[in-house]
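A.B. asks: Work out the full structure, taking the sequences as your base and the hints as a guide.
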Amino acid sequence: MSAFRVLEGGILSLAEDFGRFGLCDKGITNSGVMDEYAYMALNFLLQNSPNTNCLEITLGGLKLEASGACTVAVTGAKFKFLINSKKVGIWKTHNIQKGDVLEFGYAQDGARIYFGVKGGFDIKKELGSNSVTIKENIGEKLKKGDILEFLDHDISDCNIYLKKKFVPCYQKELTLRVILGYQDNFFPVQELEKFFASTYTISQQNNRMGYKLEGEKIECKIDGIISEGISFGAIQIPKDGQPIVLLKERQTIGGYPKIGSVLPIDCFKLSQLKTGDKIKFEVIDVNSAREKMQKFQQIFRDSSC
Amino acid sequence: MIEYKIASVDSIIVYFANSISKHSVAKVQYNYAILKQLKNSAILDLTPSYTSILIHFDLSRYDCDSFIDYLKKTLCFDVKEETKKGRLVDIPIYYDKEVGFDLDRISKLSNLGIEEVIELHSSAIYSVYTIGFLPGFAYLGEVDAKIATPRLSTPRTKIPKGSLGIADNQSAIYPIASPGGWNIIGRTYLDMFDKTLDGFSYLNVGDRIKFKPIGRDEFIKNGGVI
Chain L
1 MSAFRVLEGG ILSLAEDFGR FGLCDKGITN SGVMDEYAYM ALNFLLQNSP NTNCLEITLG
61 GLKLEASGAC TVAVTGAKFK FLINSKKVGI WKTHNIQKGD VLEFGYAQDG ARIYFGVKGG
121 FDIKKELGSN SVTIKENIGE KLKKGDILEF LDHDISDCNI YLKKKFVPCY QKELTLRVIL
181 GYQDNFFPVQ ELEKFFASTY TISQQNNRMG YKLEGEKIEC KIDGIISEGI SFGAIQIPKD
241 GQPIVLLKER QTIGGYPKIG SVLPIDCFKL SQLKTGDKIK FEVIDVNSAR EKMQKFQQIF
301 RDSSC
Chain U
1001 MIEYKIASVD SIIVYFANSI SKHSVAKVQY NYAILKQLKN SAILDLTPSY TSILIHFDLS
1061 RYDCDSFIDY LKKTLCFDVK EETKKGRLVD IPIYYDKEVG FDLDRISKLS NLGIEEVIEL
1121 HSSAIYSVYT IGFLPGFAYL GEVDAKIATP RLSTPRTKIP KGSLGIADNQ SAIYPIASPG
1181 GWNIIGRTYL DMFDKTLDGF SYLNVGDRIK FKPIGRDEFI KNGGVI
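Keeping their order, the protein sequence lines are chains L and U. Numbered by the numbering used here, the letters in the first sequence go through residues 1 to 305 in order. Numbered by the numbering used here, the letters in the second sequence go through residues 1001 to 1226 in order.
Simulated from the structure, these hints should not be mistaken for laboratory data. Treat each hint with caution, since some may be false.
Stated by the list, open to error - Quick list of simulated restraints, FRET-style, between CB atoms:
1) L:A69 with U:I1034: 50 to 56 Å
2) L:D122 with U:K1210: 28 to 34 Å
3) L:D122 with U:I1034: 38 to 44 Å
4) U:D1104 with L:K165: 56 to 62 Å
5) U:R1087 with L:G128: 28 to 34 Å
6) L:Q294 with U:N1204: 36 to 42 Å
Said to hold, decoys possible - Simulated crosslink set (DSBU-like; lysine-lysine; CA at most 30 Å straight-line):
7) U:K1221 with L:K135
8) U:K1073 with L:K26
9) U:K1005 with L:K295
10) L:K292 with L:K92
11) L:K269 with L:K163
12) L:K135 with U:K1158
13) U:K1158 with L:K143
14) L:K164 with L:K86
15) L:K26 with U:K1108
16) U:K1158 with L:K172
17) L:K92 with L:K163
Owing to the predicted nature of the structure, the values given are computational and were not obtained by experimental measurement. Backbone N, C-alpha and C fix where the C-beta goes; we use that ideal spot for every residue, glycine too.
C.D. replies: Structure below.
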């Protein structure tokens, strides 16, 4: 078995897959990749099965050395990717030789980079998943000296690219679509109007748990609620009126009122934004939302990408 | 009372009551058991709480309407039984301003001395209503109305492991360091989350809890960290 040796861990490099399900009743969060689009593209390029593990590299700084030949792919944020100090492209596969050094520069457009190897890394699953959740003491971030093994595999001659129209262009401004629900009735109409008319700024408090926003304060008729389950993308309004969009490592239960939930595919886009970027919200009805989700899930099902 | 509410494109929250009571908890636990026993692979996650269950379903198998129809046929709303009495568990707590950052705030809001706040909190017997928010985070009820205190308007970005808090009439211990908005009144040296424990949690739903005030020396001697 060959491996990558970690020469530099970067800011936050984690092994992830689609996440851990069926354990919310024990207080264990789903975790998993923040940007499922980039993750699905990665496994598509590598012809891996959809839930094959990868590395999620937040903001960059990772440096690896290969001990054997392999096929890898990189998707996600735009950044300077170097193989043996030579700049190469992303959203494509690369054939790596023994001794090659891979350097992940810092993300320019976007925030999270996805890196995978054909067949996946040989990592033991915990509670049914390879997803690291630091706050639950499930796995750790990569650090210098770590070894990431992978199964040796045949290397094909040609590199696979993703067609240009499937490569996203990460913006600094986004409109997120919201399905109203939860405590939406407890927000006065004028407060909901204010929420949907405002532009919010992403605060420094943004991470895998959620993104706290800054902007117009939203008031709710109630201060708190009886603690209840929180879905992916839920928009929570704490007492200071500044919305929080809850993401992959959200707490399973919480006691702040919620307006509804951001469409998951828009949460994936949000995960590529950074401190200072801008957000607006708009309503989407639940049937259109479902159609968009189903369309999304079909994107990498055929091989014409 | 029964209400089905959309939580997201692929989840429904079912409310069984609009206030916390032994009866609401019994209804939730009963229906949670029903859903769990179904072993329906289209149910991806279940999150039971005091009065509600959040259900995350597979969007390729149901939409919100058809899933609500399915739940209506499956759930039981005529639950009479009360939750059975669980084991009694003592939890040592170092109650002090050194680790209880909000003792002053609660004292001011309640017009009680800090000693009285501690006395009221540690003399009650609580029961575990649900586990969630974080692994092993057990929600305990009910806190004496005199010291019930709303959450902080801005959550703290980091609350130390083992911290004991109050939010309205609920109490809980943070099993690991985490952001949070509860009023912190003390700390335990016990490990509330351990992957080797059944359910990964020191406490289980239905347990009854008594907090035992301890001094600084005992806290430190047993591995407590300031």
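A.B. asks: Does L:K135 lie within 30 Å of U:K1221 when you go C-alpha to C-alpha?
C.D. replies: holds, 26 Å
A.B. asks: Sort out whether U:K1108 lies within 30 Å of L:K26, counting only the CA atoms.
C.D. replies: violated, 35 Å
A.B. asks: Please check whether L:A69 and U:I1034 have a Cβ separation lying inside 50 to 56 Å.
C.D. replies: About 53 Å separates the Cβ atoms of L:A69 and U:I1034, which means 50 to 56 Å holds.
A.B. asks: With a cut-off of 30 Å on the C-alpha distance, tell me whether L:K164 and L:K86 pass.
C.D. replies: The given pair, whose Cα atoms are some 22 Å apart, holds under the 30 Å limit.
A.B. asks: Given the hinted pair U:K1158 and L:K143, is their Cα-Cα distance within 30 Å?
C.D. replies: Since the Cα atoms of U:K1158 and L:K143 sit roughly 23 Å apart, the hinted pair holds (cutoff 30 Å).
A.B. asks: Is the hinted range of 36 to 42 Å satisfied by the C-beta distance from L:Q294 to U:N1204?
C.D. replies: For L:Q294 and U:N1204 the Cβ distance comes to about 39 Å; the hint holds.
A.B. asks: Range hint 28 to 34 Å: satisfied by the CB atoms of U:R1087 and L:G128?
C.D. replies: holds, 29 Å
A.B. asks: Is 28 to 34 Å a correct range for the gap between the Cβ atoms of L:D122 and U:K1210?
C.D. replies: Violated, since L:D122 and U:K1210 (Cβ atoms, about 47 Å apart) do not stay within the stated range.
A.B. asks: Keeping to a limit of 30 Å between CA atoms, is the pair of U:K1073 and L:K26 held or broken?
C.D. replies: holds, 26 Å
A.B. asks: Between U:D1104 and L:K165, is the Cβ distance one that fits in 56 to 62 Å?
C.D. replies: Given a distance of about 59 Å, which is inside 56 to 62 Å, the answer is holds.
A.B. asks: With a cut-off of 30 Å on the C-alpha distance, tell me whether L:K269 and L:K163 pass.
C.D. replies: Holds: L:K269 and L:K163 sit about 19 Å apart, inside 30 Å.
A.B. asks: Given the hint that L:K92 pairs with L:K163, does the C-alpha gap stay at or below 30 Å?
C.D. replies: holds, 10 Å
Hints 2 and 15, counting from the list given before, are not met by this structure.
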